[in-house]
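Sequences listed follow chains A and B, in order. Counting from 1, position 487 in the first sequence corresponds to residue 486 in numbering that gives the first Met the number 0; the numbering is continuous, with no gaps. Counting from 1, position 364 in the second sequence corresponds to residue 363 in numbering that gives the first Met the number 0; the numbering is continuous, with no gaps.
Computed list of lysine to aspartate or glutamate pairs in DMTMM-like fashion (alpha-carbon distance at most 25 Å, straight line):
(1) A:K94 / B:E100
(2) B:K422 / B:E434
(3) A:K125 / B:D489
(4) B:K62 / A:E501
(5) B:K32 / A:E67
(6) A:K422 / A:E437
(7) A:K125 / B:D513
(8) B:K51 / A:D58
(9) B:K122 / A:E516
(10) B:K366 / B:E325
(11) A:K311 / A:D388
(12) A:K51 / A:E526
What the hints contain is simulated information worked out from the structure, not anything from laboratory work. Note that this is a predicted model, so its numbers are computed, not measured.
Number of protein chains: 2
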Amino acid sequence: MRASQFFIATQKEAPQEAELPSHRLMLRAGLIKRLGSGLYTWMPLGLRVLRKVETVVRDEMNKAGALELLMPAVQPAELWQETGRWDVFGPQMLKITDRHERSFCFGPTHEEVITDLARREIKSYKQLPLNFYQIQTKFRDEIRPRFGVMRAREFVMKDAYSFHTSLESLEATYASMYQAYSNVFNRLGLKFRAVRADTGAIGGDGSHEFHVLADSGEDALAYCPASDYAANVELAEALPPAAPRDAAQETLREVDTPKQTACEDVAALLGISVTRTVKAIALMVAHGEGQSRFVLALLRGDHSLNEIKLAKQPGFADFRFATEEEIRAHLNCPPGFIGPVGVSAEVSVIADHTVAAMSDFVCGANKPKFHLAGVNFGRDLPEPSLVADIRNVINGDPSPDGKGVLELCRGIEVGHIFQLRTKYAEAMNATYQAENGELKIMEMGCYGIGVSRIVGAAIEQGNDARGIIFPAAMAPFSVAIAPIGMDRSDAVKDAALALYAELQQAGIDVLLDDRGERPGVMFADLELIGIPHRVVIGDRGLKEGQVEYQARTDEQAQSVALSEIVSKLKQALA
Amino acid sequence: MRASQFFIATQKEAPQEAELPSHRLMLRAGLIKRLGSGLYTWMPLGLRVLRKVETVVRDEMNKAGALELLMPAVQPAELWQETGRWDVFGPQMLKITDRHERSFCFGPTHEEVITDLARREIKSYKQLPLNFYQIQTKFRDEIRPRFGVMRAREFVMKDAYSFHTSLESLEATYASMYQAYSNVFNRLGLKFRAVRADTGAIGGDGSHEFHVLADSGEDALAYCPASDYAANVELAEALPPAAPRDAAQETLREVDTPKQTACEDVAALLGISVTRTVKAIALMVAHGEGQSRFVLALLRGDHSLNEIKLAKQPGFADFRFATEEEIRAHLNCPPGFIGPVGVSAEVSVIADHTVAAMSDFVCGANKPKFHLAGVNFGRDLPEPSLVADIRNVINGDPSPDGKGVLELCRGIEVGHIFQLRTKYAEAMNATYQAENGELKIMEMGCYGIGVSRIVGAAIEQGNDARGIIFPAAMAPFSVAIAPIGMDRSDAVKDAALALYAELQQAGIDVLLDDRGERPGVMFADLELIGIPHRVVIGDRGLKEGQVEYQARTDEQAQSVALSEIVSKLKQALA
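Model the full structure from these sequences, guided by the hints.
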């Protein structure tokens, strides 16, 4: 492509509301333009990137035997009413009323539509398994769209849905989707991690998220470098301490903590490790008929509460943090100094495994400006009524598979695979005739990739002060030719055009920057938009038969013989 | 593709509401499945066809220098309010309210969005001309969706928009789009015609429609075999008769027409040609402040009114047909016997050119059960107050370019190109800085192709009693291999698998029907879905080293040596 016949619309500044590097860089590089809140036009340059992602996704889905189809974006409400999701999906669903006053939505996902298709079209076990997918524009009416294409309202998604006669068959397709997803992210040149994800009410080991690793990622991930264990921190198990609780050695005493409310500050004041402190988190836990009870959840001072784990404990499905008033009412003490010692019998205490194994610890005294030290279960307070894993894992925790210790990193979720089992098929009565003639409910899986999100995630992972660093497979062009003074020098023009023609001939995606911009502008643009390889052609070098080559990740350009540049580029792209 | 790993969902019957062959056949062949009124899922088989059309469209647009982008489907109301189309587009526009109570629509077209983009991004004449396109799902809330994908509510469209500094530049891009569209339909193997189209209020020669020819087409087209003249009948000019009006020869007389109200019946009763009769069409024509006048429009008995032409006559912009009551009130006569003779001065008479040149004609007598014969303008009634071209052309009319006579055919509109000029750019203030520094309004063109509609139109053009006849470029598979008794005969299985591998190797899109269906079912399916070439492999033929080859358009199969079938297929596909 000649840049003069293309449309490159870079800009110096990104709007202030762009918080993340990828959002700023996509706007500055002119990959996208904002139409409205959470609505972006993919410009020719950006669409090239999006299409490259799509192509890899499609190819791997086809290789895995999935069949592409295309369902309507606009979906009748009736199907969503069958599964009950019309009411529970919430305001993220963009509801629409047509001219005949019938209700529809702009599909945020397609479980209902595909299950309706399956129950109509799949009659017999002989037709199964089947795995259908589509690459399609979806809409979710985010309350606060942000991060550009990473949390846009309108976005491009690959969604696949598989149907089976048995869990074994579902597991086989699930495994092949796991492999296909890994292939996709490997081929796209992204550092990623597949992690076990929370499966909510469905349970089991039936869900993995695929995360592109980036410090700016919204999700915290735990993985074990010594094994293949990896999980979203939401889910990663914190093992109980291996060693039993030590016997009490200290006596219980009050300590003055006039201004210290946080465990770190109390520990610093007392000159002890924060790992010897315990924090109490006050909760109101619902238990039927509008009633709720006051609960203290105990965590080690440096640990944090995992709300998802807590909600899975018996009786804790519906909890919230207590207000200051509720805390004062139950403990007669302001927050910051509360603790589990001496509380009334109506206050139940749940302790994390780590806390349950502690002795001689420090906690709030339920008395303003005081903490207690030398606290011991059994002696100073009863054993907790429930001991459970309710905390987030931290760096150095033992891996749940027993093979080493966990490390944490951050990721951006770009894929999610899920064993749905019979949830939708049952609600919509999607049955098939089994070999023995019986009508049976289908087993079902679903598999999503955020196609447009991948572009943003890749830029979060690959960028520097000069702009985007695209992996080769995603770059809008693989090579840029930057001729200096093409309009003044026939030698430069001839060399540039000849190289352009030769690279095109070789099937290489090449951009010839023939816009006639000054070298500084040209280089800045080409670096900003992240083209992996650049060849600068100038009169001075040409006299020596040389051009300048620089990879986007190189600090400096190097001289290369014009006669060797094509083979060098081919090698670099191989 | 192996049919056993694909999803072929043919069915014997199509639902009754499917009126057109293409709709019935697409449902029966399982190319599409209905989700709701005007909403269809493109099944894997149908999507292959749709994608082939898309690929050709994309390729020709790229070759013509257009740049692909992707705008949001969901568009803010504010842009449509700027052009005034938010209110005038009517109920075809699917309006949407988001969670913040802001108004949007599901884009039925994208003039507003692209013009907004252009006014933000195009600063200088140096950036022009530019031609952007997208291939995208659109929505029009048709009051009565029908004909399957031909008039669906959700559909796939290629829409392009070009921007220019001058009319000359617009005309050049318009011409290149005309050529690109012709290339698209030629490559797709469709019989088509580009015709001049009505440009409505904009006027000029700035619009062409592209029609796929089919007897079931909704549009009547007029073309001249002796020249390149072609126009939608809506627009095709009917030249005034070359010869002047003959002098009156007959006397005016009443004739008994007890039951004859239609011109054909009156002519038959009188033993004259229908071309000697005149019909009067009663109209109510609005002329300001809720007032309207009663008008008789006169057409030759075998001609039909062209409402678009009539509406272009001065004072006729807003007319409707008169009710029976209005006719009785103004003429004291029921419909069927009305005419222009002896009407009051308040009744104005507009005559088509052909009628104005007639003498001694027959028309209604304004008296039940009677007509008048030997009627002559000037003698029996005043000359018409307006003489104009208000009729549809018919077979044999002289071509407006003076080069022969017109023929009529029917077509399905699948493309439309349009010189918009400054209509949208002016309304939205889309300006650029001209070479002299002045801000000027951009010239603009738009160019649409109904991508999903093409699939339906191709099937209207190509089908027979056995099913779909796809042109090679659009067929879901180019070749089908139909092995007979593959599960019983190793020879058949080996030959089928070897041929399958060899054709795949050659890059040919081949379907191996390994479903194990009976030959009758297999052949019927392969014919129904319109695969252009079929190879039947059976034990009997193999003993002689023969297979059976049949093109979809052949009446009979022919024996071909197994050793020659690949070269024969390559030849057929070349």
